[in-house]
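Build the full structure now, drawing on both the sequences and the hints.
2 protein chains.
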Amino acid sequence: MNIVLLSGGSGKRLWPLSNDIRSKQFIKIFKGADGEYESMVQRVYRQIKAVDTDATVTIATSKTQVSAIHNQLGESVGISVEPCRRDTFPAIALATAYLTDVQGVDPEESVVVCPVDPYVNQDYFEALKGLSEQADKGEANLVLMGIEPTYPSEKYGYIIPESADETSMVSTFKEKPTAAVAAQYISQGALWNGGVFAYKLKYVLNKAHELIDFTDYHDLFAKYDTLTKISFDYAVVEKESKIQVMRFAGEWKDLGTWNTLTEAMEENVVGKGTLNETCSGVHIVNEMDVPILAMGLHDVVISASPEGILVSDKEQSSYIKPFVDKMDQQVMFAEKSWGSYKVVDVENGSMTIKVTLNPGHAMNYHSHQHRDEVWVVLSGKGRTVVDGFNNGITTGDVITMKAGCKHTVIAETELKMIEVQIGSEISVDDKQKFEL
Amino acid sequence: MNIVLLSGGSGKRLWPLSNDIRSKQFIKIFKGADGEYESMVQRVYRQIKAVDTDATVTIATSKTQVSAIHNQLGESVGISVEPCRRDTFPAIALATAYLTDVQGVDPEESVVVCPVDPYVNQDYFEALKGLSEQADKGEANLVLMGIEPTYPSEKYGYIIPESADETSMVSTFKEKPTAAVAAQYISQGALWNGGVFAYKLKYVLNKAHELIDFTDYHDLFAKYDTLTKISFDYAVVEKESKIQVMRFAGEWKDLGTWNTLTEAMEENVVGKGTLNETCSGVHIVNEMDVPILAMGLHDVVISASPEGILVSDKEQSSYIKPFVDKMDQQVMFAEKSWGSYKVVDVENGSMTIKVTLNPGHAMNYHSHQHRDEVWVVLSGKGRTVVDGFNNGITTGDVITMKAGCKHTVIAETELKMIEVQIGSEISVDDKQKFEL
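These protein sequences, in sequence, are chains P and D. Numbered per the working numbering, the first sequence spans residues 525 to 960. Numbered per the working numbering, the second sequence spans residues 525 to 960.
Warning: the hint list may mix true and false statements.
What the hints assert, rightly or not - The calculated DSBU-like cross-link candidates involving lysine-lysine, where the alpha carbons are at most 30 Å apart (straight line), are:
1. D:K850 / P:K552
2. P:K866 / D:K552
3. D:K555 / P:K930
4. D:K555 / P:K866
5. P:K796 / D:K905
6. P:K850 / D:K552
7. D:K866 / P:K796
8. P:K930 / D:K905
9. P:K955 / D:K905
10. D:K796 / P:K860
11. P:K796 / D:K926
12. P:K552 / P:K845
13. D:K850 / P:K866
14. P:K926 / D:K552
15. P:K905 / D:K552
16. P:K955 / D:K860
17. P:K860 / D:K552
18. P:K850 / D:K905
Quick caveat, the hints were computed from the structure, so don't treat them as lab data.
Here it is, written out as structure tokens:
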């Protein structure tokens, strides 16, 4: 099976765990098979591999997620990097070209496209295999998954199938309706459209060549920023008459808000937290080092990270976005290609961060114009290059770098350091990169 | 007026703002006259001085609070330091001896004793003056304040006066009753016992000499740890027949729990915090640098500090103590005689703290056996002494100190530093002090 996982933007609905840099799909919140916590993307990847060890998994995403994906899934997963956001048709076209031109998949083969963040069981992935096999048959150009509705939701589009058969031609599509209209649709046999579908690669390649002037993946990648924003629904689905839908009746949750996310959590507390005996329906997700104590609360979610602290009635949590938009908080932690960092102190004229480098990784060789920096090695082994000079470093070593001085650090083992930045203007933009 | 403020122990009922080192009376939570936040102790001190600029104020407390008191009230306030806790009779005897032998107050003068943390208006302090003047008359050996009850509380002891006059002899005392019994007492004209009373210094000095073998303040201080724990009520009040009570009908709140504390707050949010429009009766007290967002909550208190995060229904918050007792959290911030510190990162084998020294202050000259330390100066000017060598320091300077090396820093201006401690055993007990 070839599968393309669409990994969406930053999203603020799960603040303070998601931020401008970290998307919800990378939050380690689910107890995995081995008792370790795993993220949505790790869970889905594990589930795909359990159904089909040979599955070719490609994640279609933006540059900002590449580090997190490699950190969480390793290096073997395919990544189709969108140079900028251009809506779903260009993204799916690019991923399709990536599969044929980079991964060398035969254009006659089928691919399944699905979001990276459904909370589902193995039967869902069995169903994806079914979609792929159905697409192989070539009875239709697109084969959609139709999810059997459990309530008249206003959040989803609806698919009206021609028949109640397991696999049916699609009669028509309906936009997100009101609850009353949704109930009507459902009485007519409508299914939720979860944005999951399969097609033969050549079908979308042809569509792409019709709409975009490009030769191959690399050409498409190079001119990506010139493409018009257009959705796959609008560019392809609405114009296609040969579409089938396959029913899926298993559990399917869209974990877009704290309310739905906490429903999927197996434990009430992730991280340091205590609920007293008068709490009910309370979830704590705590990424800070300090304890949280909750007393006498009902149906409340509490989440804390270096970005901030949310305490919300679960229903209310779906209205979070405008409040988070208003916050002008600098990014307090981030995963990078080389590891991660966390801001531990901010002052006028200084910022102190904790840096963790993964073994074998290095920062870019870089300098800053407006700040001096000091590194204090907390643990691990590695070496620094400072203005061209190499030095081994280990626990307790101190390295001082004046503004303008070129520097990097290469980790041999996991390397933890405190970095003190001192200067009147401290900004992430004050960075010049150099070849080492 | 001579006044002794009894400043009690650490108290965990206002966790995470109070901890083993910082007591609730030092939390800056009230908007003062100048718009700056002030603590309970600052508020009470300001109120006393407004009623009587010449008042001799003495705070009876333990050694751990001395730094915080000087930081918040300056150097002119008297402090009677209890070398260890020995209940209220020894504490009041020591403070009384301190007033006569150290402050030189005439034993014929009166003193008013009251807790350091009532939330009251100016009329309360006028009433204290009244108590003191009544004690001066010598009609009774003790003059108590009787607070007119506003409800049949189970939390206070009751005083039954002989008459309904403004000033009356006390008929009898009653222990904390049930609400039903309290209502009975109140119908008989009972008053709350707020632990506020006045006496002539010589009265308690004589009582002290009857019960304890000592010569003067210094002798009493020296043998303090040998004294028997006994309450003032038990040792003095219950055995005394000549006791008067003066009525007080003004506002009086005991801010011992989050529930009562938040009632006294003028603003719903202290620190970084946002309440959405569906919140009601919610208070945020945030001492962290990150924002708190509260949505859809009712009658909840949220408090965050480097020690932890509390989210509690206000009623439930009075049951906090056993939960906090169970937490084995190291102290994450503290006020010291020289300034303050805050833990910003803890790892196996290292701890990083942020140190702020007040101008003109210095740490002890000290060394550690099991850890190396690095200082990085974030801002300010001062000088260090490291193994006897003096050095001026300023922003950006780095000082490294190996285990065993003696060191201190003296601040000329306010001085902020990051201190990285590295060693396999990091403990506050690993400290040897030296003369400079």
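Checked hints:
With a C-alpha separation of about 27 Å, the suggested pair K850 of chain D and K552 of chain P falls inside the 30 Å cut-off, and the hint holds. Pair hint K866 of chain P plus K552 of chain D holds up; C-alpha atoms about 28 Å apart against a cutoff of 30 Å. A C-alpha spacing of about 49 Å is found between K555 of chain D and K930 of chain P, which places the hinted pair above 30 Å, so the restraint is violated. Of the supplied pair hints, the one linking K555 of chain D and K866 of chain P is violated, its CA atoms being roughly 33 Å apart against a limit of 30 Å.
This hinted pair does not check out: K796 of chain P and K905 of chain D have alpha carbons roughly 39 Å apart, beyond 30 Å. Proximity of K850 of chain P to K552 of chain D is assessed by CA-CA distance (about 27 Å); at most 30 Å being required, the pair is judged to hold. Among the hinted pairs, K866 of chain D with K796 of chain P is consistent with the structure: their alpha-carbon atoms are about 20 Å apart, no more than 30 Å. Restraint check for K930 of chain P and K905 of chain D: satisfied, since their Cα atoms lie roughly 28 Å apart, inside the 30 Å limit.
With a C-alpha separation of about 29 Å, the suggested pair K955 of chain P and K905 of chain D falls inside the 30 Å cut-off, and the hint holds. A hinted pair counts as satisfied when its Cα atoms are at most 30 Å apart, and K796 of chain D with K860 of chain P qualifies at roughly 28 Å. Between the alpha carbons of K796 of chain P and K926 of chain D the distance comes to roughly 34 Å, so the proposed pair goes past 30 Å and is violated. For a cut-off of 30 Å, the pair hint linking K552 of chain P to K845 of chain P stands: about 21 Å separates their Cα positions.
Annotation: proposed proximity of K850 of chain D to K866 of chain P holds, straight-line Cα distance about 29 Å (limit 30 Å). For the proposed pair K926 of chain P and K552 of chain D, the alpha carbon gap of about 39 Å is over 30 Å, so the pair is violated. For a cut-off of 30 Å, the pair hint linking K905 of chain P to K552 of chain D is broken: about 44 Å separates their Cα positions. Between the alpha carbons of K955 of chain P and K860 of chain D the distance comes to roughly 39 Å, so the proposed pair goes past 30 Å and is violated.
Among the hinted pairs, K860 of chain P with K552 of chain D is inconsistent with the structure: their alpha-carbon atoms are about 39 Å apart, more than 30 Å. Restraint check for K850 of chain P and K905 of chain D: not satisfied, since their Cα atoms lie roughly 37 Å apart, outside the 30 Å limit.
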